[in-house]
Amino acid sequence: MSWFDSLPTAEATVPCGAGAHTVRWAAGQLTLPAHPDAEAELVLGALGGDKPECVTLTETWARHAADLAVLTTGPRCAADRVRVDPEEVAAQRASLPPAWAQAVSVPMVAGPTSPARARRRAMLPATGPRIDEARRRQVDRIELLELLALGPEFQFRLSGTVSAAWAEPDRAGERAGHRPAFTAALTGRLAPAAEHWLGIGPGTVTVTPHEGPGWGTLAVTGTGTARRLHASLPVSWLADVWACGMAVADGHLVVAVDEPGYPLARVRVLPAPGAEPVAVTVRAEQSDRGGLPAWEVASD
Amino acid sequence: MEYRERAETYLRLLAEAALRPGADGHAGRIRRAADLLIEAGVLTEPMAARILADFQLSLRVRGRQEAFVPSTRLRRLGSFAPGAPGALGVPGLAGGLAGGKPPPWRVLRPGPSTSGSRLMALILLDDKGLAPATLCFSTAIGTPESDVPVLTGLTATDNLGTAYRLGFTDGTWAGSTWTGTVVLIPAPPATVRKLDIAGPAGPLLRAEVADVPADGAAPGALPRPVQESPGERLLTRRAEAMLAELALGVHDKPAVSQSGLAELAGTLEAAGLLSPLSPAPARLAALSQLLGLPLEGPASEVPARWTEIMAYYGRRRRLAPVTGTAAIGMALPEIDGARLVMAGVRSGSAGSFLHAVVQGLAPLPRRRPPGTSWDTGFSIWARDDAGGWHLGTVEDVSPAGGAAGMLRLALLPPLCHETASLTIEVIGPSQQITADLPARW
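First to last, the sequence lines map onto chains A and B. Take 1 as the starting number for the first sequence in this note's numbering and just add one per residue. Take 1 as the starting number for the second sequence in this note's numbering and just add one per residue.
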């Protein structure tokens, strides 16, 4: 079972050639119903043939699947609307000098690579060291904007993908080198949830990354204007809980997911600060929360 | 948690807070904080640039129209390529020490002084020798206007009969006397015992040199951790910059205000770089007050060495600087990735200047505003044999080829007597060193 089991399928329409194609996110993967053999089209593209835009988009998605800039730029909660005009991004892409536009950014951080992906990557034009750093960054930013332009449903799913990539148990060492980025990512996402949960000001929330066994810790100290919430949560919370829209379910803070699922998931919730987590089943309801389901407690 | 991690976390959380609804107008505060953390040496420029660029993009995709321009410092470093040593500023001074142990420099010290031209030290690098020296030309030949023709006519040979190609850097003229660094190519051998520099009119400098034990390392000088936190260090460096401005006669600098200092200290405290109990902010406020700025602080907090500088420059009649050249020729152990060889001192009516070979300094901006000194991130002080303290401020940095450079430090106040020794104190971001160096005039 994976974090993305708690999310329904999402679709977006993107321009491709003379028409428009559907891009589908399902079970953690971006698929292209209009291009059933996208792998072959990638190979053709690498050999100099035309590569359809939506095939390029799946490549871009894969390249940014561990890009921490997604967490820096992407939404913090359903109410945090991140809007990118696809036409504006297309214009930016078009304004790049030809050599830049063809430059393919390197993966943000090397993630687990399947043999198929490795073969595919080997056939892509040589990149990385030969691309000027500034040029690569600019291309990275345009690519990130292209992904964000897919809309909130995809923004949350991409954020979940990035978080899950970094939450792998064997990446604890790498995570340690990015503690400030994860501190900000966790704080920025728990803060609006805590406001919804306890009415506490988001500026009073600080979360540090939790490593090791257990779900983490959470404590509220002080009263009145001195009230502060300090928490320690694993990076996996961002994927398992937050990206699936279940940070707060029925007035409870969800701190861990035991059995991901959609529309039913088994989670552990905190009824109040200082309380022990309680295992409950939550049910997804349709909502207009940026493509995320709203979760209600179904049973204990 | 290390200071670097604290600083990055602080800046990221500040950006996070500024993204929240209703936090318009916080962008400027983030820029200033980034500048400060870079200045404190706890955040690299590329990291700050990345955080600010991400923040800018985050504002943009949220439709926030806050004017966001690169911060002062980052704008100044606009063409700095991350990771490219010496890419900006004085070429070749940055880097060199990070990628492993650099080859040792050998220091040779000149013998007893003779009148006229004077060698401060001979420092043997991999491919060249550096000879900071004072060359006294005949008044008929040497003038500042004819600098290049005069110097290009010089030749150098050693006691083994080897002739060297010559280069010149870090030069200044005082009448017909040139003080600077003669670059000898190739590097003289360590067995060299005599160096002759001659001009068209005859011999100009004849110096006997002797190998110094332990490659010229200052005896007993060991790096030790800096006592001050990065925040205190930054405030101390700010104070030293104010003292330098006083000495340089700069009066039109924007004054430090009480609110400006409060924001400065607040940022440093929030970033975990300054203890709320630290006396450093009060010390800076007290110095500012003594300098006539609109701040208040207890005068008792002002260190004696700061007061000495204020006392000297506050006098209507000041003691004249001593005239002469002193050879030192001592290497200091590497601290915070930088190494220094103190070559010697040249003192005259323009002031007293400590000449040093340096490697491993952070890139410095190409241009320096008039009346200011370069901030290298290090504090350098010298105490003469009468106990008088002199602040070393960077007057000039000149490339000397490769990763080495020549540092000319103005001693404030200047030396007023031929001190037999100088106690040099160098304080970096995390390490400091004190060395007693004999000076031979």
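None of these hints come from the bench; they were simulated from the model. There's no promise every hint is true.
Rough simulated footprint, nothing fancy, chain A against chain B, three-plus residues with beta-carbon under 8 Å [unchecked claim]: (1) 57-65; (2) 379-389.
Not everything, but these chain B residues come out facing chain A in the computed CB check (under 10 Å) [what the hints assert, rightly or not]: (3) Glu-8; (4) Arg-50; (5) Leu-151; (6) Gly-153.
Cβ coordinates follow ideal geometry from the N, Cα and C atoms, glycine included.
Hint by hint, which ones does the structure fall short of? 2, 5, 6
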